[in-house]
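Using the sequences and the hints given, assemble the complete structure.
Our numbering puts the first residue of the sequence shown at 1, with every later residue one more than the last.
What the hints contain is simulated information worked out from the structure, not anything from laboratory work. Just to be clear, a hint being listed does not mean it is correct.
[What the hints assert, rightly or not] Only pairs whose alpha carbons sit at most 20 Å apart, straight line, appear in this in silico EDC-like list of lysine to aspartate or glutamate:
| no. | residue 1 | residue 2 |
| --- | --- | --- |
| 1 | 44 | 9 |
| 2 | 36 | 101 |
| 3 | 44 | 89 |
| 4 | 34 | 19 |
| 5 | 72 | 40 |
| 6 | 43 | 106 |
| 7 | 44 | 33 |
| 8 | 72 | 101 |
| 9 | 54 | 104 |
| 10 | 43 | 9 |
| 11 | 54 | 106 |
| 12 | 44 | 26 |
| 13 | 44 | 101 |
| 14 | 43 | 101 |
| 15 | 72 | 33 |
| 16 | 54 | 89 |
| 17 | 34 | 52 |
| 18 | 95 | 57 |
| 19 | 34 | 57 |
| 20 | 36 | 26 |
| 21 | 34 | 106 |
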Amino acid sequence: MTVRMTNREVDGVIVVTVEGRIVLGEESHSLREKLKSLLDEGKKKIVLNMADVKYIDSSGLGALVAAHYSAKTQSASMRLCNLGQHFYEVLQITKLLTVFDVYDSEAVAVNSFQELLAVSN
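As structure tokens, then:
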């Protein structure tokens, strides 16, 4: 099964819905390229909706970490939402929960950008 990604804009935030498996090879490469192209387009607020991710391996995690740091270096921010129980546990075990901003729902993740704006004003 390949990884499929669709994106849309919600309140100025790009929401990328990710479906399938994020594993070594074309899948993790596709994710990396998708996020790189969004950053190249100047998108600064990105939410990855992971509700339909069936499996992620270390290469997939590496792609997420690389995208996260790439976003930070370009003054952008990436959030994750709707992690399945297994995906959440993998992030917990690998201590990557301390790296990513993780939210229970897409709406809360999107709104987190608005709250950040309100605090900085």
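Going through the hints against the structure:
1. 44 <-> 9: 12 Å, holds
2. 36 <-> 101: 19 Å, holds
3. 44 <-> 89: Status violated; Cα separation ~28 Å.
4. 34 <-> 19: Holds, at roughly 13 Å.
5. 72 <-> 40: 13 Å, holds
6. 43 <-> 106: Given pair residue 43, residue 106 holds - Cα atoms ~17 Å apart, limit 20 Å.
7. 44 <-> 33: 16 Å, holds
8. 72 <-> 101: 12 Å, holds
9. 54 <-> 104: 17 Å, holds
10. 43 <-> 9: Holds, at roughly 10 Å.
11. 54 <-> 106: At roughly 18 Å apart (the allowed maximum being 20 Å), residue 106 and residue 54 satisfy the hint.
12. 44 <-> 26: 25 Å, violated
13. 44 <-> 101: With Cα atoms ~15 Å apart, residue 44 and residue 101 stay inside 20 Å; holds.
14. 43 <-> 101: 17 Å, holds
15. 72 <-> 33: Distance of about 16 Å is within 20 Å: holds.
16. 54 <-> 89: Holds, at roughly 14 Å.
17. 34 <-> 52: 17 Å, holds
18. 95 <-> 57: Given that 20 Å is the threshold and the Cα spacing comes to 15 Å, the pair holds.
19. 34 <-> 57: Judged against 20 Å, a Cα distance of about 18 Å means the pair holds.
20. 36 <-> 26: 15 Å, holds
21. 34 <-> 106: 19 Å, holds
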